[in-house]
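In order, the protein sequences belong to chains Y and B.
Under the working numbering, the first residue of the first sequence carries the number 1, and numbering increases by one thereafter.
Under the working numbering, the first residue of the second sequence carries the number 1001, and numbering increases by one thereafter.
Where hints are given, some of them may not hold.
What the hints assert, rightly or not - Straight line, CA to CA, 20 Å or less: simulated DMTMM-like cross-link-like pairs of lysine to aspartate or glutamate:
#1 B/1139 to Y/662
#2 Y/643 to Y/348
#3 Y/243 to B/1018
#4 B/1139 to Y/618
#5 Y/643 to Y/653
#6 B/1009 to B/1028
#7 B/1030 to Y/282
#8 B/1139 to Y/667
#9 B/1139 to Y/661
#10 Y/713 to Y/595
#11 B/1030 to Y/424
#12 B/1112 to Y/661
#13 Y/243 to Y/278
#14 Y/643 to Y/283
#15 B/1114 to Y/661
It is worth saying that the hints were derived from the structure and are not from the lab.
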Amino acid sequence: MNAIVKLSRRDFLKQSTLVGGGLLLACYLPFPGAVAADTAVPFAPNAFLRIGSDGSVTIICHKSEMGQGVYTALPTIVAEELDCAWEKVKIEQSPVAPEYAHTMFGSMVTGGSTSVRSEWQRLAQAGATARAMLVAAAAAGWKIDPAACRTENGAVYHPDGRRLSYGQLATKAAKLAVPPQVALKDPARYRLIGRPLARLDSPAKINGQARFGLDVQRPGLLVAVIARPPVFGATLRGFNADKANSVPGVRAVVAVPAGVAVVADGFWPARQARALLEIAWDEGAGAALASAGLRQQFATLAATPGLVAHRAGDVTAALERATVRLEAEYEVPYLAHATMEPLNCTVDLKADGCDIWTGSQMQTVDRDAAARVAGLQPEQVRLHTTFLGGGFGRRANPASDFVVEAVQVAKAIKQPVKVIRTREDDMRAGYYRPCWYDRISAGLDADKQVSAWRHTIVGQSIMAGTAFAGMIKDGIDETSVEGAADTPYAFPNLLVDLHTPQLPVTVLWWRSVGHSHTAFVVESFLDEVAHAAGTDPVTLRRTLLAQQPRPRGVLELAASKAGWGTPLAAGRGRGIAVHASFGSYLAQVAEVSLEKNGRVRVHRVVCAIDCGRVVNPDTIAAQMESGIAFGLSAALHGAITLKAGRVEQGNFDDYPLLRLDEMPQVEVHIVPSSEAPGGVGEPGVPPIAPAVANALFALSGARVRSLPLTPEKVLAALAKG
Amino acid sequence: MITLTVNGKKYQVAAPPDTPLLWVLREELKLTGTKFGCGEGLCGACTVHLDGVATRSCITPLAEAAGKKVVTIEGLAVSHPVKQAWLTEEVSQCGYCQPGQIMSAAALLKSKPKPSEAEIDGAMSGNLCRCGTYQRVRKAVHRAAAAPKGGSK
Ligand code: FES
Ligand code: FES
């Protein structure tokens, strides 16, 4: 079926190459039954849009849908400028092609909370140029000035009231030249942007029809699981597969660079057989790794000066002059992304081409990596992006680990195969949020103002050793210091420095990247400073943000909506944190209580966000709820630890995620703004951990400087007073 | 051969009797709406109804499902108040956990048509959602409970 569709598309392309300057590319349809017939596609003015003679509008989405709502937000931008009927919009996922490269990164990427920010102009133009061509087609027929026409709901209107639908005009519009640049709508006339439109992917997602990578079906598809090295950097010495091969349904047991692959008719026999493998590994130096030792190593480094990431004034002198000096050490652990859908990838490799189905956030990088393993040209590899059962950065791996290993297996067995990771495989295979250790000090002058701020950060670089290494400047990986080196607070003397130890544990961007750690340290310590100065934490921040209207705005909005300063119910404490990331400004106020056993409960979170212009306010609210839940999982529960080189966690019993009964009531307040849009997928995460830790302190006097805020740590901090 | 009744249809399944029901549904019957999240009964992504009871299919051997009525997300009518409430409240994000959430909620409302907060906590806290849709899950359960009765199984 797929092959037939592709063939006919190719033929169609041959006959009508670049009709209307357009492109027709084989798109992946994550919704079953949504295959559009080529004959109904006469007008394709650019890579993002097709209008059928039946009036159907297909918008090609080149960003991966992983829950953040791009399959709705991006089409909204196109449809707004096109003036089409929203109910008629259909979505297709784009293939990998240069037209779909990220406007900043030059290859296909969904990440960095950039989709709306980076695509608004391009997609608005895509819709507006198509509209201009449809208007021109209608005006030519009516022999009137195009400027006299207006458009609404998928039709062009003559001043006398006559109307031609986009479907009627499509064939004619396709014969016109594509205008280079057209004027965009006045935002005052927006009909779709700014409204809480329903997600276009919701119906498929409540009916079990949305196709995730794990759901891909192919004729003759086999399933493989891989036994991976138990220790980072270990290599395979040998294995005995006799017992594994005796399991009914097992087809092959093969060594691949990623480990030993067990291939079977289905997941269950593959998994059963893998448990029977006897494998000898050369564990190497990685076997000595332990979290306790790492912590010691990091703490020692933190006591020495690192590479300077940001310097203003003279911190040393200011600290010496200070009337009050504070110093503290903070730490956060490795974290797993733990996407709900475990990593997986399906590969159909032939001598002259390769099809790959997976949920990727970095399709070009993954495709090129697959081509290298397969020994093909990148153009011979077709990567089909399915729905992603969560991404959070894990499916944006410069090393393409989950794609590379699947191509290795397909190459070894010469049959179509789906490689599935169990939850334990997924959690133990590395690419974690780095663990960090920070030493931070501040000085207050005689007026109780912050005169010095010194922050030393220790942790692994995410970009080092990857294709992104070129972005590391003078030894500073910006993702290591973001949120600290670029603090909006007016510290007259500021020094942020960095140590970047190298370790065999692989690390990766984890929803909000460096901010997930720096916000906790900076905002917790600022709270300590406020208490030491005897100043209210909101007042102190307001003073330090006097010249920063946007962060100050969310601070004040969150404080007022949360009733900052008003009495709380007995046993409750309130804490606040402010943090800017990915072009958006956030403040969150958390309300917590503490159980006798040391367990922190979060009851209410008030979240204020200024993310500039808004496409869909409900998506923003949803992303704030989501970011807060994600951040709370880390604040209360999350830690990946190592012992004898082995990851100690494997499943949700020892790496717990937030559960429904722990979810606070979240209120989201959006600052009305006409500023350039900011990101929303990640910025909700960073402020919650410090807001909760600060609320815990306000309630109990316990200052916990290490995440997660486990009952043991809370009780220990309480005992210290 | 084991006879399985899924969404009202009878199937003859050749898989070994200890194969988890989840993999039979997904790989043999191609009913991929039921998801794999943990394989250990810890996340709820694989929840189906077994004779009306919410059950983790990843730890339910095929043999145990024989002779019982299995209902999966594909077998729950689109008009079901829980599915409709899920749409109205815009619960789904990545959507991966949602079939399990919906099956748990539907089973809850069958036994407790007007659940208390504590009953919702009890029935729904075993369904993990990494996207953190819990606030909307709770609202949608309340909405479905308030919906007029009838029309669905
Ligand atoms: S997959 Fe069955 S409970 Fe997680
Ligand atoms: S919607 Fe993504 S895991 Fe629940």
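> Looking back at the hints listed earlier, which ones does the structure fail to meet?
Replying inline: 2, 7 and 11
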